[in-house]
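Kindly generate the complete structure, drawing on both the sequences and the hints.
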Amino acid sequence: RQQYVGKLRFASLEASQGSKKLIVATEKNVVAALNSRSGEILWRHVDKGTPEGAIDAMLIHGQDAITVSNAGRILRSWETNIGGLNWETSLDTGSFQMASLVGLQDVVKYVAVLKKAAVSLHYLSNGHQKWVEHLPESESTQYQLLYSHGTGVIHVLGIVPQSHLNVLTFSVEDGEITNQMRVAAPWLKSLNGGCSVVGEAVLVCMDMDTHSLYVCSLETEPEMKQIPLQSLDLEFADGFQPRILATQPNVVSASRTQFFLQLSPSHFSLLQYKHGLLSHLRDFQQAALVSFATTGEKTVAAVLTCRSELKSGSSDGLHAGSTLENSRKQDSLTCSNQTYNINLYLVETGQRLLDTTITFNLEQSGAKPQQLYIQVFLKKDDSVGYRALVQTEDHMLMFLQQPGKVVWSREESLAEVVSLEMVDLPLTGAQAELEGEFGKKADGLLGMFLKRLSSQLILLQAWTAHLWKMFYDARKPRSQIKNEINIDNLARDEFNLQKMMVMVTASGKLFGIESSSGTIVWKQYLRNVRPGCSFKLMVQRTTAHFPHPPQCTLLVKDKETKMSFLYVFNPIFGKRSQVVPPVLKRPVLQTLLLPIMDQDYAKVLLLIDDEYKVTAFPATKNVLRQLEEIAHSIFFYLVDAEQGKLSGFRLKKDLTTEESWEVIIPTDVQRIVSVKGKRSNEHVHSQGRVMGDRSVLYKSLNPNLLAVVTESTDTHHERTFIGIYLIDGVTGRIIHSSVQKKAKGPVHIVHSENWVVYQYWNTKARRNEFTVLELYEGTEQYNATAFSSLDRPILPQVLQQSYIFPSAISAMEATITERGITSRHLLIGLPSGAILSLPKALLDPRRPEIPTEQSREENLIPYSPDVQIHAERFINYNQTVSRMTGIYTAPSGLESTCLVVAYGLDIYQTRVYPSKQFDVLKDDYDYVLISSVLFGLVFATMITKRLAQVKLLNRAWR
Amino acid sequence: LFIMYMAGNTISIFPAMMVCMMGWRPLQALMSLSTTLKALESSSRRALQGLVFLVGNRLGLALALYKCQAMGLLPTRPSDWLAFVAPPQRMEFTGGGLIL
Chain A
24 RQQYVGKLRF
34 ASLEASQGSK
44 KLIVATEKNV
54 VAALNSRSGE
64 ILWRHVDKGT
74 PEGAIDAMLI
84 HGQDAITVSN
94 AGRILRSWET
104 NIGGLNWETS
114 LDTGSFQMAS
124 LVGLQDVVKY
134 VAVLKKAAVS
144 LHYLSNGHQK
154 WVEHLPESES
164 TQYQLLYSHG
174 TGVIHVLGIV
184 PQSHLNVLTF
194 SVEDGEITNQ
204 MRVAAPWLKS
214 LNGGCSVVGE
224 AVLVCMDMDT
234 HSLYVCSLET
244 EPEMKQIPLQ
254 SLDLEFADGF
264 QPRILATQPN
274 VVSASRTQFF
284 LQLSPSHFSL
294 LQYKHGLLSH
304 LRDFQQAALV
314 SFATTGEKTV
324 AAVLTCRSEL
334 KSGSSDGLHA
344 GSTLENSRKQ
354 DSLTCSNQTY
364 NINLYLVETG
374 QRLLDTTITF
384 NLEQSGAKPQ
394 QLYIQVFLKK
404 DDSVGYRALV
414 QTEDHMLMFL
424 QQPGKVVWSR
434 EESLAEVVSL
444 EMVDLPLTGA
454 QAELEGEFGK
464 KADGLLGMFL
474 KRLSSQLILL
484 QAWTAHLWKM
494 FYDARKPRSQ
504 IKNEINIDNL
514 ARDEFNLQKM
524 MVMVTASGKL
534 FGIESSSGTI
544 VWKQYLRNVR
554 PGCSFKLMVQ
564 RTTAHFPHPP
574 QCTLLVKDKE
584 TKMSFLYVFN
594 PIFGKRSQVV
604 PPVLKRPVLQ
614 TLLLPIMDQD
624 YAKVLLLIDD
634 EYKVTAFPAT
644 KNVLRQLEEI
654 AHSIFFYLVD
664 AEQGKLSGFR
674 LKKDLTTEES
684 WEVIIPTDVQ
694 RIVSVKGKRS
704 NEHVHSQGRV
714 MGDRSVLYKS
724 LNPNLLAVVT
734 ESTDTHHERT
744 FIGIYLIDGV
754 TGRIIHSSVQ
764 KKAKGPVHIV
774 HSENWVVYQY
784 WNTKARRNEF
794 TVLELYEGTE
804 QYNATAFSSL
814 DRPILPQVLQ
824 QSYIFPSAIS
834 AMEATITERG
844 ITSRHLLIGL
854 PSGAILSLPK
864 ALLDPRRPEI
874 PTEQSREENL
884 IPYSPDVQIH
894 AERFINYNQT
904 VSRMTGIYTA
914 PSGLESTCLV
924 VAYGLDIYQT
934 RVYPSKQFDV
944 LKDDYDYVLI
954 SSVLFGLVFA
964 TMITKRLAQV
974 KLLNRAWR
Chain B
7 LFIMYMAGNT
17 ISIFPAMMVC
27 MMGWRPLQAL
37 MSLSTTLKAL
47 ESSSRRALQG
57 LVFLVGNRLG
67 LALALYKCQA
77 MGLLPTRPSD
87 WLAFVAPPQR
97 MEFTGGGLIL
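Line by line, the protein sequences give chains A and B. Counting in the numbering used here, the first sequence runs from 24 upward without gaps. Counting in the numbering used here, the second sequence runs from 7 upward without gaps.
If you're looking for bench data, these hints aren't it; they were derived computationally from the structure. Built from N, CA and C at the ideal position, the CB exists for glycine as well. Take the hints with a grain of salt, since some may be wrong.
[What the hints assert, rightly or not] Partial pick of chain B residues on the chain A-facing surface, computed with a CB cut under 7 Å:
| no. | residue |
| --- | --- |
| 1 | Pro-81 |
| 2 | Ser-85 |
| 3 | Pro-94 |
| 4 | Gln-95 |
| 5 | Arg-96 |
| 6 | Met-97 |
| 7 | Glu-98 |
| 8 | Leu-104 |
[As the list claims (entries may be wrong)] What the simulated footprint calls covered on chain A by chain B, stretch by stretch (three residues with Cβ under 8 Å from a Cβ of chain B suffice, anywhere in the stretch; the number is not a length):
| no. | stretch |
| --- | --- |
| 9 | 610-617 |
| 10 | 637-648 |
| 11 | 711-723 |
| 12 | 805-811 |
Right under this line is the structure:
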């Protein structure tokens with residue numbers, strides 16, 4: 024199991040040298056503390072994954088971390104050392120704007136929360152509300168800023184766009200409005216970003232149109248002073264919304280008078296406003312990120328820049344998909360050599376501090392830094408030391424120390440895995456040699472014999488080397504032996520239990536993770552993937568075809584531009600493949616991986632675009648010829664959830680398609696939620712079930728069957744329903760349809776063999792229910808040798824039964840094994856983080872209500888409506904997986920064993936044995952006893968034989 | 007025979023052994039047909055006696071087989087061959103799904 028927190032939204036590093044933790048609040052609605060020495064999670068609290076749990080603000084004061092979540096509805100205070108909850112209060116409704124700590128006479132006692140229509144003050148110690156005040160004219164005025172600096176008043180700034188500013192001053196003691204000002208600002212549209220409070224309650228705003236700064240004191244003058252930027256020799260970049268970054272090191276004292284003005288994506292300048300004068304301290308060209316940090320009396324500014332010559336805009340590096348290039352134009356800056364510097368500057372003067380450079384390299388990932396947090400401390404000789412936390416575009420957290428040493432790094436993009444495949448590891452060199460021998464063409468008897476001898480010799484050599492290594496290792500103490508896993512010694516084990524997990528994350532980063540230890544073997548960041556892309560990962564060639572490297576293909580489709588590209592890579596080493604994928608000119612709608620192979624043993628991938636034309640990849644002559652031969656048996660189905668349309672297409676010989684069927688599900692009543700086909704690598708060993716009277720009930724194993732789930736658009740609990748349609752993907756025939764009244768989603772569905780299991784919420788009985796559908800052909804098989812959807816005169820019998828499940832579920836999947844002999848289990852991820860392994864036999868629609876002789880003969884369990892959760896069926900014990908989004912199962916080399924990966928915020932991998940380990944000798948198998956008995960018996964027979972001979976001889980002599 | 011009837015059709019070790027014995031005896035007797043015939047050489051109606059011996063033993067064997075069948079030990083039903091039924095070959099390939 025590996026735990027993650029997700030992409031950072033807020034972070035706070037403690038400002039003392041000895042501190043060991045940093046508090047983060049992330050976009051995954053997680054509050055956590057990380058150990059700053061090792062990067063491990065000290066504690067973690069996971070809130071709801073929905074927007075209800077979203078963290079809007081985090082404030083740190085001493086040992087307390089204050090978070091505001093659920094759109095300003097809940098205020099919480101955490102104890103940062105152990106992660107306990109100090110207190111929690113709920114706030115009034117109203118859209119949240121800002122929270123801030125309020126201090127009075129050098130003590131921070133309150134936290135103030137600004138809502139759209141009210142401002143409230145809470146005690147920091149227990150969360151009780153001190154006062155709440157409604158803001159005047161809250162209909163027209165947008166209150167957006169809150170400021171206090173220890174003078175016993177709170178300033179609340181509201182804005183009427185394009186008209187004026189409203190400045191309210193509240194007294195901390197009783198919440199009375201002591202002062203109300205109206206400042207005309209006809210140019211101002213919003214306070215966020217463009218405005219900030221610096222110094223002693225001085226508001227600085229900027230205006231794009233007139234290229235000038237406006238300054239106004241909140242306490243005294245009710246007017247804006249205009250300062251044109253030209254007087255500072257500065258200019259805004261076109262089309263960029265400038266920002267002001269200010270800092271307030273201590274809430275009881277005033278803000279720093281210095282602030283950063285971001286003029287363009289890569290241009291910052293440090294300005295100072297003191298005693299009514301605006302002065303320019305330093306200019307930072309080509310800076311990527313800036314940040315303030317304070318220790319003691321000193322406040323420093325950290326600036327992240329590129330090391331050497333720079334090049335702004337897009338550099339189309341190693342990635343495909345030049346169509347997405349345009350979108351990269353607005354980027355802050357790209358370093359050509361991916362090396363960055365962090366420098367510290369003293370804020371008062373803008374001087375650079377000596378020996379404060381951190382240089383680090385992001386060559387491997389190719390991602391740009393996105394956020395920078397600095398932890399500054401004073402060294403013993405009064406100089407400034409610091410550590411930096413950098414988050415890059417691919418959600419990687421790096422903790423850096425002077426001079427450029429990476430203390431730790433965390434791959435937080437793994438908190439959001441979208442797609443996962445498991446690929447067999449390659450054979451070892453010696454095994455590969457042996458395989459290669461059989462793969463090649465025969466060249467004479469003698470030659471083959473010699474080759475065989477040589478490969479046997481190599482095997483012997485490898486074996487002796489292995490023995491020698493074992494002997495060598497055995498002499499070392501156990502603690503020193505580490506199971507190091509790197510690319511060189513990745514090899515398949517005897518039963519193929521270790522595999523390579525290829526994970527695609529939402530940030531566009533690909534990972535190759537070794538499944539038994541969880542080490543990240545390779546990672547690759549796809550730079551031109553924007554958030555919100557849809558991915559589809561396919562394994563085109565496994566490791567079984569030795570001289571050819573394995574090959575995976577990732578289809579990335581941008582949600583906005585609808586354009587897609589293919590990324591072909593080697594799943595073991597993570598390298599980009601030499602094979603050139605076709606350039607896709609039209610948006611791809613769907614893909615189909617065919618079982619036919621080209622001469623290099625790569626499976627053929629068909630891509631259907633929005634003109635319903637098909638592109639084949641790889642598109643060699645051989646493939647096209649094969650395609651032409653079997654084109655009549657290739658069908659596509661496309662499901663358009665927006666229009667509620669399912670349509671089937673038939674492939675023609677010239678790689679165009681024609682529509683063959685269409686099913687319309689009216690969108691005003693119900694909408695399609697999910698479509699599940701069967702897994703292509705699924706084997707079913709048994710074609711039927713033996714009944715009590717020893718006849719056979721044949722399963723209806725339609726490989727083209729689709730299960731379509733719809734939910735009603737009407738969500739009223741009396742009228743809501745879900746619908747299940749079983750549709751043949753070739754002919755479009757609806758084999759079964761059922762509507763479950765008074766049922767509500769989210770529906771989780773598993774479709775495998777001849778059964779479909781789905782789970783929903785029953786609104787009438789207020790409980791979760793499972794329904795299982797099984798399809799049988801009856802006691803006669805229509806056509807035992809070939810299955811064709813076009814020739815099915817008899818509809819299958821559908822049996823169904825429902826069960827009550829005591830918990831909601833977050834993910835569901837069925838186990839899968841190599842040959843399908845092992846009985847199936849359902850793996851159910853519960854919201855508590857546990858994974859329940861439920862035998863499919865418990866969800867069997869043939870469970871009788873009254874057990875009869877025959878059903879007992881069949882080993883059917885009598886029907887009982889409730890399925891219980893037994894804690895001993897949890898396969899992950901205490902290793903809970905927070906916010907599980909999916910479970911992936913893969914067969915292993917052993918028939919009894921199925922590999923399971925559960926992913927969500929955490930990643931957990933294990934093996935399950937649905938029918939126990941019937942093909943493995945038990946751990947306590949007594950080798951010694953059995954072999955000694957065997958040897959003893961052999962020995963005894965030999966002795967008795969000898970004795971008998973002697974006796975015979977003696978008798979003969981007599 | 008009566009014991010056979012009493013033993014019922016359940017499969018457990020004793021009835022199974024009895025059925026085995028019941029089947030094996032006539033088989034053994036049939037194997038030793040020639041020796042029996044030799045012993046009967048002196049008899050005048052040799053052929054008839056031999057025939058009766060043969061038919062009797064056959065009857066015993068048939069009875070044993072019937073018993074086996076009744077106990078469900080003979081693989082005569084399709085369910086007994088289910089494990090050897092090959093999965094049908096699929097004629098069409100489909101693929102697709104929700105529009106990406």
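Comparing the hints with the structure gives:
1. Pro-81: violated (10 Å)
2. Ser-85: Holds. Min distance 4 Å.
3. Pro-94: holds (4 Å)
4. Gln-95: Check passed: Cβ of Gln-95 (chain B) comes within 5 Å of chain A, closer than 7 Å.
5. Arg-96: Because about 5 Å separates Arg-96 (chain B) from the closest Cβ in chain A, which is inside the 7 Å limit, the hint holds.
6. Met-97: At 4 Å from the nearest chain A Cβ, Met-97 (chain B) passes the 7 Å test, so the hint holds.
7. Glu-98: holds (5 Å)
8. Leu-104: holds (5 Å)
9. 610-617: holds (count 7)
10. 637-648: With 0 residues closer than 8 Å to chain B, the stretch 637-648 of chain A misses the three-residue bar; violated.
11. 711-723: holds (count 6)
12. 805-811: Coverage by chain B holds here, the residue count being 6 at a Cβ distance below 8 Å.
When held up to the earlier numbered hints, the structure conflicts with 1 and 10 and fits the remainder.
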